[in-house]
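Colleague: Here's the letter readout for the chains.
There are 2 protein chains.
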Amino acid sequence: MGKNLTRRSEDYSKWYNELVVKADLAENSGVRGCMVIKPYGFAIWEKMQAGLDKMFKETGHENAYFPLFIPKSYLSKEASHVAGFAKECAVVTHYRLKNADDGSGIIVDPEAKLEEELIVRPTSETIIWDTFRKWIQSYRDLPLLINQWANVVRWEMRTRLFLRTAEFLWQEGHTAHATKKEAIDEAEMIMHLYADFAENQMAMPVIKGIKTESERFAGAVETYCIEALMQDGKALQAGTSHFLGQNFAKAFDVKFASKEGKQEHVWATSWGVSTRLMGALIMTHSDDNGLVLPPKLAPIQVVIVPIYKGLEQLDAISEKVIPLVKELRAKGYTVKFDNRDTHKPGYKFNEYELKGVPVRLAIGQRDMEKGTFEVARRDTLEKETIPMDEVVSKIEFLMEDMQKTIFSKAFDYRQAHITEVDSYDTFKKVLEDKGGFISAHWDGTLETEDRIKAETKATIRCIPFEAQASAGSCMVTGKPSVQRVLFAKAY
Amino acid sequence: MGKNLTRRSEDYSKWYNELVVKADLAENSGVRGCMVIKPYGFAIWEKMQAGLDKMFKETGHENAYFPLFIPKSYLSKEASHVAGFAKECAVVTHYRLKNADDGSGIIVDPEAKLEEELIVRPTSETIIWDTFRKWIQSYRDLPLLINQWANVVRWEMRTRLFLRTAEFLWQEGHTAHATKKEAIDEAEMIMHLYADFAENQMAMPVIKGIKTESERFAGAVETYCIEALMQDGKALQAGTSHFLGQNFAKAFDVKFASKEGKQEHVWATSWGVSTRLMGALIMTHSDDNGLVLPPKLAPIQVVIVPIYKGLEQLDAISEKVIPLVKELRAKGYTVKFDNRDTHKPGYKFNEYELKGVPVRLAIGQRDMEKGTFEVARRDTLEKETIPMDEVVSKIEFLMEDMQKTIFSKAFDYRQAHITEVDSYDTFKKVLEDKGGFISAHWDGTLETEDRIKAETKATIRCIPFEAQASAGSCMVTGKPSVQRVLFAKAY
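If you read the protein sequences in the order shown, they are chains R and U.
With our numbering, letter number 304 in the first sequence gets 304, and the count goes up by one each step, no holes.
With our numbering, letter number 263 in the second sequence gets 263, and the count goes up by one each step, no holes.
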């Protein structure tokens with residue numbers, strides 16, 4: 001397998017597109033904008049799902065499943081929600097095909113027209129709140145903490161594998177609470193949970209923050225987010241958590257009897273991360289040789305490649321390798337012993353480098369004589385030869401160390417790419433020359449935000465959640481500002 | 001919580017519908033024919049998924065994900081396939097909504113009409129085989145063993161929760177092989193795998209068999225199935241596995257270079273089980289008091305209900321219960337300590353009986369004095385009082401024993417409801433009076449099969465896979481037959 005990857009420095013975007021396909025993660029399908037997630041890519045997504053699902057359950061959430069279709073009238077019930085989602089949706093209008101009378105093939109049966117069109121869910125607030133009305137009567141039914149793993153469709157015109165596809169996979173949490181404070185606490189807790197997952201499992205540093213009004217979810221009162229930085233200096237929104245106030249409760253008339261016996265509308269949140277995280281993971285760590293995966297999410301953590309001539313040598317190697325495989329698996333590592341005779345070791349080395357397998361062990365005749373293995377780590381590409389009886393402890397060390405090292409590298413890059421600026425000229429210059437996040441004062445108006453976006457393509461990624469307030473004046477208008485915000489060009 | 005379940009003997013169908021809703025498994029949604037799977041029902045489905053997914057992976061299959069939408073032209077490529085699925089599908093014709101000019105609300109934007117309509121997948125053979133063409137070049141790429149967990153849509157006119165819904169969840173396996181024999185072996189292996197899952201995890205006895213031509217999957221050469229028997233004497237098809245021959249390979253032009261260097265079409269299988277299994281699980285074991293769940297699939301295996309007055313008594317009970325909960329959890333059991341003060345013990349007893357929690361422990365003041373727990377098992381409703389230090393071993397015993405007992409009960413019922421008949425008159429009588437499977441000789445013609453179906457509503461559920469051939473003559477026509485087949489009325 002020749003890698004022939006375009007270098008990142010040459011064309012970052014091309015490098016990404018090639019890598020996704022060559023590393024067998026995903027590919028475009030025959031359906032416009034819809035991707036096929038290939039087994040290797042899906043195995044990474046399954047690990048992400050498992051990690052997140054565990055965290056959701058540990059924080060009291062339960063999974064459920066709601067319909068794929070949303071009646072058109074439901075979408076319209078929350079005014080800003082429909083404005084945000086109606087423009088890009090797949091509409092089901094008929095429920096039958098039939099043979100054309102002229103024998104030209106199958107056509108939509110005009111007699112099978114739906115009375116009310118159905119929208120393929122772009123997100124499920126409306127259908128879920130229509131259901132919550134039946135589930136919530138009293139304060140005893142609250143909080144209601146529901147999550148759904150599902151596919152959703154948004155009719156994007158320009159698509160890119162994982163980053164922006166018409167259909168994507170995600171989880172969407174939907175919760176209902178008795179008080180405003182509880183709902184805000186939930187939305188913030190989920191932001192922290194997402195950040196924990198991103199940093200400790202994906203090894204991807206993120207900044208927690210709040211979206212400005214113009215970047216808010218359609219129907220939300222407040223949108224919390226985690227923002228990551230890719231290696232090309234562009235930001236990527238990796239997850240959002242919304243405090244929805246009573247907007248959906250009012251639109252769908254969901255009330256509860258409080259302890260005091262009053263009828264009150266409930267308070268809501270919704271939150272989600274999607275297969276977009278796959279794009280973030282790829283772009284945060286990978287290099288010109290291919291994928292770099294954090295050990296916690298790697299479908300194969302250790303690959304063992306035998307170097308041999310003839311079956312006799314392979315048998316001798318296998319005798320050493322098979323007990324090692326067993327020992328590593330017993331410790332919970334996923335190990336592949338690639339003894340295929342259809343491919344040469346060099347081909348295999350290339351393949352596993354491209355696919356980001358964290359640790360590669362190789363064993364040839366000299367190793368057999370000396371009782372050693374060659375150990376190569378994917379992140380630094382360092383190789384060393386170690387005695388067989390040290391292999392297990394070496395791998396235990398590497399699994400921990402690589403998880404940390406990969407995070408640190410990404411963290412250092414991110415920190416080096418947060419630039420404080422105080423003038424709009426410097427802002428433009430930094431944006432062009434260096435990229436990354438730019439921390440600057442902003443006067444808080446939509447007008448200034450729009451102007452900056454129109455002139456530079458940079459958007460406000462977030463108002464950082466954990467930053468100190470520090471007074472200043474807007475870099476564009478000079479008006480007063482209470483806190484710096486983070487700008488960047490973004491995916 | 002009053003159960004107020006209709007009795008099975010009174011109205012089996014009504015009993016089922018009520019039970020699904022009252023036990024919090026699922027409910028109808030505002031979207032015609034689409035259900036909401038509630039958290040408790042979804043937790044059972046998740047256990048089924050986990051069990052099956054493990055078995056698929058252990059037999060070499062990998063998960064992937066393919067598009068929700070299928071271009072209309074793809075469906076048409078395999079002639080019998082389109083005939084089977086075109087009649088009941090959701091058709092996407094537009095990709096945008098807009099505000100009506102007259103301000104009457106949102107309407108489908110007529111300018112956003114798709115050039116080619118998209119069908120919401122009723123099953124994914126076509127889109128997957130369109131993809132496999134790119135994945136398969138040489139015998140080295142075979143076998144290709146793929147599974148997908150997904151939602152699918154079939155526009156059923158008469159729907160029932162879990163048993164027949166417009167949208168349902170399922171897994172669909174799709175495999176490609178170099179030889180006919182390998183593909184047949186795969187399809188048969190999966191039939192056995194499904195039977196293993198049904199019997200050993202769902203505790204539901206099944207009969208393995210082959211479908212007659214008229215009951216075959218649209219596009220298959222042979223359909224293998226597992227058939228279960230519900231308590232009302234009707235059969236339920238619980239899973240199917242199809243040998244597809246080269247039909248899809250030819251329709252989508254999927255060829256491989258054999259070891260000898262020849263270009264050949266590949267051989268295929270597909271197979272699936274769905275949320276319909278939930279209906280089968282419920283109807284196989286449950287009784288007039290509610291759900292009965294096999295311990296292996298119960299979301300809560302043990303519930304502990306304290307009987308107390310005042311916080312002081314609860315504290316004392318908790319002191320005994322909490323270490324027990326820890327010990328049971330450490331052994332891998334899911335345990336709930338229901339110390340809610342908003343509901344009385346009697347209400348809780350009813351609730352967990354209705355929800356089929358296998359073991360209920362209760363502890364009150366007399367138990368505290370005597371150092372005992374009351375242990376109740378859900379299947380037989382037997383109760384006994386046992387010393388605290390025997391509780392853990394008792395639960396270990398019950399988890400094993402109930403799994404077996406539940407299976408045996410269903411097995412005995414099934415065996416008692418397989419009736420051999422040799423005349424069509426007896427056939428009709430047994431069908432009316434007793435129900436269940438009827439084992440009879442059939443002449444192998446579609447004509448006779450159709451006549452029996454039209455006259456009695458019974459269909460041939462399968463030609464049993466493991467039965468001995470035994471010559472006889474068709475109960476209807478008197479023509480020769482080589483083997484008895486199983487008839488039943490079916491869900």
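A portion of the hints provided could be inaccurate.
A pair holds if it fits inside one copy or across any two, identical chains being indistinguishable in the list.
Each computed DSSO-like pair below joins lysine-lysine, with the alpha-carbon atoms no more than 27 Å apart [what the hints assert, rightly or not]: (1) Lys326 with Lys370; (2) Lys87 with Lys98; (3) Lys57 with Lys320; (4) Lys234 with Lys255; (5) Lys134 with Lys336; (6) Lys309 with Lys259; (7) Lys54 with Lys250; (8) Lys234 with Lys336; (9) Lys344 with Lys429.
No wet-lab data here; the hints were simulated from the structure.
Colleague: Should Lys344 paired with Lys429 be assigned to within, between, both, or neither, using CA atoms and 27 Å as the limit?
Modeller: neither (50 Å within a copy, 69 Å between copies)
Colleague: How would you label the pair Lys234, Lys336 (within, between, both, or neither) given a Cα cut-off of 27 Å?
Modeller: Answer is neither; intra-copy 35 Å and inter-copy 47 Å both fail.
Colleague: Reference check for the pair Lys234 and Lys255, CA-CA at most 27 Å: within, between, both, or neither?
Modeller: neither (43 Å within a copy, 43 Å between copies)
Colleague: Go through the copies and call it for Lys134 and Lys336: within, between, both or neither, with a Cα cutoff of 27 Å.
Modeller: Close across copies (25 Å), not inside one copy (50 Å); limit 27 Å.
Colleague: Please sort Lys326 with Lys370 into within, between, both or neither, judging by C-alpha distance up to 27 Å.
Modeller: within (22 Å within a copy, 49 Å between copies)
Colleague: Tell me, please, which holds for Lys54 and Lys250 at an alpha-carbon limit of 27 Å: within, between, both or neither?
Modeller: Neither way: Lys54 and Lys250 sit 32 Å apart in one copy and 44 Å across, limit 27 Å.
Colleague: Go through the copies and call it for Lys309 and Lys259: within, between, both or neither, with a Cα cutoff of 27 Å.
Modeller: Between. Shortest inter-copy distance 22 Å satisfies the 27 Å Cα cut-off; intra-copy 78 Å does not.
Colleague: Have a look at Lys57 and Lys320 and pick one of within, between, both or neither, based on CA distance no larger than 27 Å.
Modeller: between (41 Å within a copy, 26 Å between copies)
Colleague: Since the copies are identical, ignore which copy is meant and state whether Lys87 and Lys98 lie within 27 Å (CA to CA) inside a copy, between copies, both or neither.
Modeller: between (29 Å within a copy, 7 Å between copies)
Going through the hint list in order, the structure does not satisfy hints 4, 7, 8 and 9.
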